[in-house]
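K.L.:
The residues making up each chain are set out below.
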Amino acid sequence: MQQIQEIQLENSELNLRPTYEKSPQIFEVIFREIGNSIVGQKEMIRQIIIAMLCEGHVLVESNPGLGKTLTISTISQIMSMRFSRIQCTPDLMPADITGTDIIEEDERGSKHFKFKQGPVFANIVLADEINRASPKTQSALLEAMQEKQVTVANTTYALDKPFFILATQNPIEMEGTYALPEAQLDRFLMKIRLDYPDPDEEFEIVNRYAEAFRPAVRRCIEKQTFIELQQITRRIPISNQLKKYAIDIVNQTRKMPDMIEAGASPRASIALILCAKANAFLDGRGYVDKRDIDSMALPVLRHRVILSFDAARNNITSDKIIQKILDNRKTTI
Amino acid sequence: MLVVPLLEKYKKYLTWSYRTLGFFQTAGKFVFLFLLMILFNLYELAYYVPGVDELSSSQTYLNTYWFNLCLMAAGALVLTLLISLIYRLFGRRNRFNLINLLETSFPEFRTRLSTAYDNSQNINIVTKKLLEEVHSQLAAIKIRKIVPKNQIFRSFVVFLLFSGAVTFCIYEGFSFNISPNKLIGNLQDNLHNMNARAAYDESEDVVPDSRYRIEATIIKNGEQVEMEINPTMGLGFTSQIDADTEQRFNESSGRYNGNFKYSQTYSENLPEEYEPLIKQYFEELSSE
Numbered sequence: 001m002q003q004i005q006e007i008q009l010e011n012s013e014l015n016l017r018p019t020y021e022k023s024p025q026i027f028e029v030i031f032r033e034i035g036n037s038i039v040g041q042k043e044m045i046r047q048i049i050i051a052m053l054c055e056g057h058v059l060v061e062s063n064p065g066l067g068k069t070l071t072i073s074t075i076s077q078i079m080s081m082r083f084s085r086i087q088c089t090p091d092l093m094p095a096d097i098t099g100t101d102i103i104e105e106d107e108r109g110s111k112h113f114k115f116k117q118g119p120v121f122a123n124i125v126l127a128d129e130i131n132r133a134s135p136k137t138q139s140a141l142l143e144a145m146q147e148k149q150v151t152v153a154n155t156t157y158a159l160d161k162p163f164f165i166l167a168t169q170n171p172i173e174m175e176g177t178y179a180l181p182e183a184q185l186d187r188f189l190m191k192i193r194l195d196y197p198d199p200d201e202e203f204e205i206v207n208r209y210a211e212a213f214r215p216a217v218r219r220c221i222e223k224q225t226f227i228e229l230q231q232i233t234r235r236i237p238i239s240n241q242l243k244k245y246a247i248d249i250v251n252q253t254r255k256m257p258d259m260i261e262a263g264a265s266p267r268a269s270i271a272l273i274l275c276a277k278a279n280a281f282l283d284g285r286g287y288v289d290k291r292d293i294d295s296m297a298l299p300v301l302r303h304r305v306i307l308s309f310d311a312a313r314n315n316i317t318s319d320k321i322i323q324k325i326l327d328n329r330k331t332t333i
Numbered sequence: 001m002l003v004v005p006l007l008e009k010y011k012k013y014l015t016w017s018y019r020t021l022g023f024f025q026t027a028g029k030f031v032f033l034f035l036l037m038i039l040f041n042l043y044e045l046a047y048y049v050p051g052v053d054e055l056s057s058s059q060t061y062l063n064t065y066w067f068n069l070c071l072m073a074a075g076a077l078v079l080t081l082l083i084s085l086i087y088r089l090f091g092r093r094n095r096f097n098l099i100n101l102l103e104t105s106f107p108e109f110r111t112r113l114s115t116a117y118d119n120s121q122n123i124n125i126v127t128k129k130l131l132e133e134v135h136s137q138l139a140a141i142k143i144r145k146i147v148p149k150n151q152i153f154r155s156f157v158v159f160l161l162f163s164g165a166v167t168f169c170i171y172e173g174f175s176f177n178i179s180p181n182k183l184i185g186n187l188q189d190n191l192h193n194m195n196a197r198a199a200y201d202e203s204e205d206v207v208p209d210s211r212y213r214i215e216a217t218i219i220k221n222g223e224q225v226e227m228e229i230n231p232t233m234g235l236g237f238t239s240q241i242d243a244d245t246e247q248r249f250n251e252s253s254g255r256y257n258g259n260f261k262y263s264q265t266y267s268e269n270l271p272e273e274y275e276p277l278i279k280q281y282f283e284e285l286s287s288e
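Residue numbers (the working numbering), protein chains in the order written: chain S, 1 to 333; chain Y, 1 to 288.
Certain hints may be false.
As the list claims (entries may be wrong) - Below, a list of computed lysine-lysine pairs in the BS3-like style, where the Cα atoms sit at most 30 Å apart:
no.: 1; chain 1: S; residue 1: Lys-244; chain 2: Y; residue 2: Lys-129
no.: 2; chain 1: S; residue 1: Lys-324; chain 2: S; residue 2: Lys-244
no.: 3; chain 1: Y; residue 1: Lys-142; chain 2: Y; residue 2: Lys-129
no.: 4; chain 1: S; residue 1: Lys-116; chain 2: S; residue 2: Lys-148
no.: 5; chain 1: S; residue 1: Lys-114; chain 2: S; residue 2: Lys-223
no.: 6; chain 1: S; residue 1: Lys-244; chain 2: S; residue 2: Lys-320
no.: 7; chain 1: S; residue 1: Lys-223; chain 2: Y; residue 2: Lys-12
no.: 8; chain 1: Y; residue 1: Lys-128; chain 2: Y; residue 2: Lys-9
no.: 9; chain 1: S; residue 1: Lys-223; chain 2: S; residue 2: Lys-255
no.: 10; chain 1: S; residue 1: Lys-116; chain 2: S; residue 2: Lys-255
no.: 11; chain 1: S; residue 1: Lys-290; chain 2: S; residue 2: Lys-243
no.: 12; chain 1: S; residue 1: Lys-290; chain 2: Y; residue 2: Lys-11
no.: 13; chain 1: S; residue 1: Lys-255; chain 2: S; residue 2: Lys-324
no.: 14; chain 1: S; residue 1: Lys-243; chain 2: Y; residue 2: Lys-129
no.: 15; chain 1: S; residue 1: Lys-244; chain 2: Y; residue 2: Lys-128
no.: 16; chain 1: S; residue 1: Lys-244; chain 2: S; residue 2: Lys-255
no.: 17; chain 1: S; residue 1: Lys-255; chain 2: S; residue 2: Lys-243
no.: 18; chain 1: S; residue 1: Lys-290; chain 2: Y; residue 2: Lys-142
no.: 19; chain 1: S; residue 1: Lys-223; chain 2: Y; residue 2: Lys-129
no.: 20; chain 1: S; residue 1: Lys-22; chain 2: S; residue 2: Lys-116
no.: 21; chain 1: S; residue 1: Lys-161; chain 2: Y; residue 2: Lys-9
no.: 22; chain 1: S; residue 1: Lys-244; chain 2: Y; residue 2: Lys-279
no.: 23; chain 1: S; residue 1: Lys-290; chain 2: Y; residue 2: Lys-182
no.: 24; chain 1: Y; residue 1: Lys-11; chain 2: S; residue 2: Lys-243
no.: 25; chain 1: S; residue 1: Lys-255; chain 2: S; residue 2: Lys-161
no.: 26; chain 1: S; residue 1: Lys-22; chain 2: Y; residue 2: Lys-129
no.: 27; chain 1: S; residue 1: Lys-290; chain 2: Y; residue 2: Lys-279
no.: 28; chain 1: S; residue 1: Lys-148; chain 2: S; residue 2: Lys-255
no.: 29; chain 1: S; residue 1: Lys-22; chain 2: S; residue 2: Lys-255
no.: 30; chain 1: S; residue 1: Lys-111; chain 2: S; residue 2: Lys-42
no.: 31; chain 1: Y; residue 1: Lys-142; chain 2: S; residue 2: Lys-161
no.: 32; chain 1: Y; residue 1: Lys-145; chain 2: S; residue 2: Lys-290
no.: 33; chain 1: S; residue 1: Lys-244; chain 2: Y; residue 2: Lys-182
no.: 34; chain 1: S; residue 1: Lys-243; chain 2: Y; residue 2: Lys-279
no.: 35; chain 1: S; residue 1: Lys-22; chain 2: Y; residue 2: Lys-145
no.: 36; chain 1: S; residue 1: Lys-290; chain 2: Y; residue 2: Lys-220
no.: 37; chain 1: Y; residue 1: Lys-145; chain 2: Y; residue 2: Lys-129
no.: 38; chain 1: Y; residue 1: Lys-12; chain 2: Y; residue 2: Lys-129
no.: 39; chain 1: S; residue 1: Lys-243; chain 2: Y; residue 2: Lys-220
No wet-lab data here; the hints were simulated from the structure.
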């Protein structure tokens with residue numbers, strides 16, 4: 001029995017070999033194709049791909065008009081994935097997201113319930129302005145994120161793989177919004193902060209999108225290939241020393257009561273190590289380096305720490321605190 | 001799987017070189033301590049141990065000079081062992097860690113080697129490739145490069161130098177004119193001198209309050225008047241005041257001074273006009 005398991009494992013590993021060997025070219029094509037459509041925002045694109053490789057979800061905090069929708073729809077086109085968009089509003093109901101049973105009449109005139117899938121049944125879902133949806137609707141979406149399945153009228157429907165949600169929220173307009181609870185924020189693998197492009201990038205954006213011809217997007221990889229890339233990501237090895245280093249960074253967030261009211265959870269340690277693996281994989285390295293952990297610490301941890309009142313009053317942001325932790329740990333490895 | 005046997009092979013090879021280094025370092029420490037003992041005649045310390053004196057006089061195998069040398073060698077050996085033990089306790093021992101050594105010697109290996117080593121049992125498509133890469137790089141290493149040749153040579157030279165110095169001192173009978181007994185003798189002399197000086201200074205000290213053994217009291221209406229002056233009022237009866245008074249006493253000690261009156265008491269019959277004068281006198285005294 002043990003022998004069979006070992007053989008099966010070897011076979012499954014062997015199936016991944018072609019994708020693993022071609023992975024540097026695959027990533028190069030993905031980034032090149034996205035770059036044809038999106039100007040700048042390289043860090044956001046990289047972090048989105050990392051989150052997708054880790055089977056996680058991303059919360060993007062940015063002002064409107066910075067190309068979030070275009071980025072995510074471009075990624076879905078490149079990877080031949082189903083894309084849907086949900087514009088969250090206070091009157092959006094859970095059924096508007098998950099779908100609902102509708103009565104359908106067949107040719108013989110008999111009526112029966114048929115499940116009509118909602119927009120969540122896609123590979124890539126953009127939940128625009130998630131903080132405008134009511135808590136009930138938010139939790140329906142977050143349940144789909146966590147479980148990768150939807151339950152409607154006692155029937156559970158598995159969501160297609162890969163499943164990725166990019167939720168956005170506007171950092172300025174807070175009126176009429178329902179802030180995401182910390183427990184739900186923890187379910188997002190990363191929180192990305194987007195800033196305005198620099199003037200050169202904006203010049204290029206204007207050149208591209210104010211013309212008659214918009215850049216076409218080519219389909220580059222199959223969905224199955226991306227699933228295999230996700231499987232390979234988890235296989236990237238990491239040394240015990242670096243695992244301890246990542247855990248130590250997360251632990252430090254729990255040891256600063258003067259600035260942090262509640263530190264990051266063990267889920268953050270898992271997320272940090274996973275993201276570091278994906279970052280190493282994107283760089284074409286077969287092992288995790290300290291730089292991978294350092295570069296992933298900010299997007300992974302910034303939404304998982306709750307600042308104390310004193311810190312908030314003194315304009316200390318979670319980014320500053322995490323950066324301070326990283327600076328203090330620089331000499332340890 | 002691939003990397004571990006190769007590391008074991010390297011470890012075996014390097015362990016011997018590190019043992020040689022350790023031997024020379026320890027031997028160097030021993031000879032250095034032995035040299036110090038010879039130079040400063042530290043064998044005298046051994047004679048403070050009960051029984052050593054008797055042993056020295058009763059044994060017939062060695063003459064006193066060689067017996068003392070043996071004592072110093074034994075002392076150096078004990079000290080060397082103690083130092084080694086302290087180094088071991090505080091983790092400052094020159095511990096041989098192959099992975100650390102390889103990572104330090106070949107920085108391009110850093111992280112990759114430890115990752116391969118930690119994941120050598122977790123074989124999958126990625127770790128297999130990593131292990132193969134690390135193995136081929138490890139195999140290409142000339143392990144002789146990381147043998148601590150310089151350290152071994154340096155320790156050997158130090159050992160030779162100190163050994164030469166020890167041999168010279170033994171055969172020439174050379175040592176400094178310093179020994180523990182001399183130092184202790186000097187120290188005792190110095191202490192004695194210091195005590196004597198302190199005693200002399202003490203006897204010279206002026207304690208005016210007790211010197212004259214005269215106690216002045218004021219009795220009014222048959223009751224003793226409180227003469228103590230509140231310390232917050234001024235200096236009170238200080239040595240300075242009394243030293244001034246002493247001057248006057250000294251002046252008058254040689255001959256009779258008609259102006260000076262020894263008066264231990266003031267009777268109640270003192271004329272009334274004297275009272276404010278006395279009060280004023282004490283007030284002035286206290287305000288000085």
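K.L.:
Please go over all the hints and tell whether each is borne out by the structure.
P.N.:
Here is how each hint holds up against the structure:
| no. | hint | in the structure |
| --- | --- | --- |
| 1 | S:Lys-244 with Y:Lys-129 | 24 Å, holds |
| 2 | S:Lys-324 with S:Lys-244 | 18 Å, holds |
| 3 | Y:Lys-142 with Y:Lys-129 | 22 Å, holds |
| 4 | S:Lys-116 with S:Lys-148 | 17 Å, holds |
| 5 | S:Lys-114 with S:Lys-223 | 28 Å, holds |
| 6 | S:Lys-244 with S:Lys-320 | 22 Å, holds |
| 7 | S:Lys-223 with Y:Lys-12 | 50 Å, violated |
| 8 | Y:Lys-128 with Y:Lys-9 | 20 Å, holds |
| 9 | S:Lys-223 with S:Lys-255 | 42 Å, violated |
| 10 | S:Lys-116 with S:Lys-255 | 49 Å, violated |
| 11 | S:Lys-290 with S:Lys-243 | 10 Å, holds |
| 12 | S:Lys-290 with Y:Lys-11 | 27 Å, holds |
| 13 | S:Lys-255 with S:Lys-324 | 13 Å, holds |
| 14 | S:Lys-243 with Y:Lys-129 | 21 Å, holds |
| 15 | S:Lys-244 with Y:Lys-128 | 23 Å, holds |
| 16 | S:Lys-244 with S:Lys-255 | 16 Å, holds |
| 17 | S:Lys-255 with S:Lys-243 | 19 Å, holds |
| 18 | S:Lys-290 with Y:Lys-142 | 28 Å, holds |
| 19 | S:Lys-223 with Y:Lys-129 | 25 Å, holds |
| 20 | S:Lys-22 with S:Lys-116 | 39 Å, violated |
| 21 | S:Lys-161 with Y:Lys-9 | 47 Å, violated |
| 22 | S:Lys-244 with Y:Lys-279 | 85 Å, violated |
| 23 | S:Lys-290 with Y:Lys-182 | 61 Å, violated |
| 24 | Y:Lys-11 with S:Lys-243 | 26 Å, holds |
| 25 | S:Lys-255 with S:Lys-161 | 38 Å, violated |
| 26 | S:Lys-22 with Y:Lys-129 | 14 Å, holds |
| 27 | S:Lys-290 with Y:Lys-279 | 88 Å, violated |
| 28 | S:Lys-148 with S:Lys-255 | 33 Å, violated |
| 29 | S:Lys-22 with S:Lys-255 | 43 Å, violated |
| 30 | S:Lys-111 with S:Lys-42 | 52 Å, violated |
| 31 | Y:Lys-142 with S:Lys-161 | 49 Å, violated |
| 32 | Y:Lys-145 with S:Lys-290 | 27 Å, holds |
| 33 | S:Lys-244 with Y:Lys-182 | 59 Å, violated |
| 34 | S:Lys-243 with Y:Lys-279 | 88 Å, violated |
| 35 | S:Lys-22 with Y:Lys-145 | 37 Å, violated |
| 36 | S:Lys-290 with Y:Lys-220 | 95 Å, violated |
| 37 | Y:Lys-145 with Y:Lys-129 | 26 Å, holds |
| 38 | Y:Lys-12 with Y:Lys-129 | 26 Å, holds |
| 39 | S:Lys-243 with Y:Lys-220 | 94 Å, violated |
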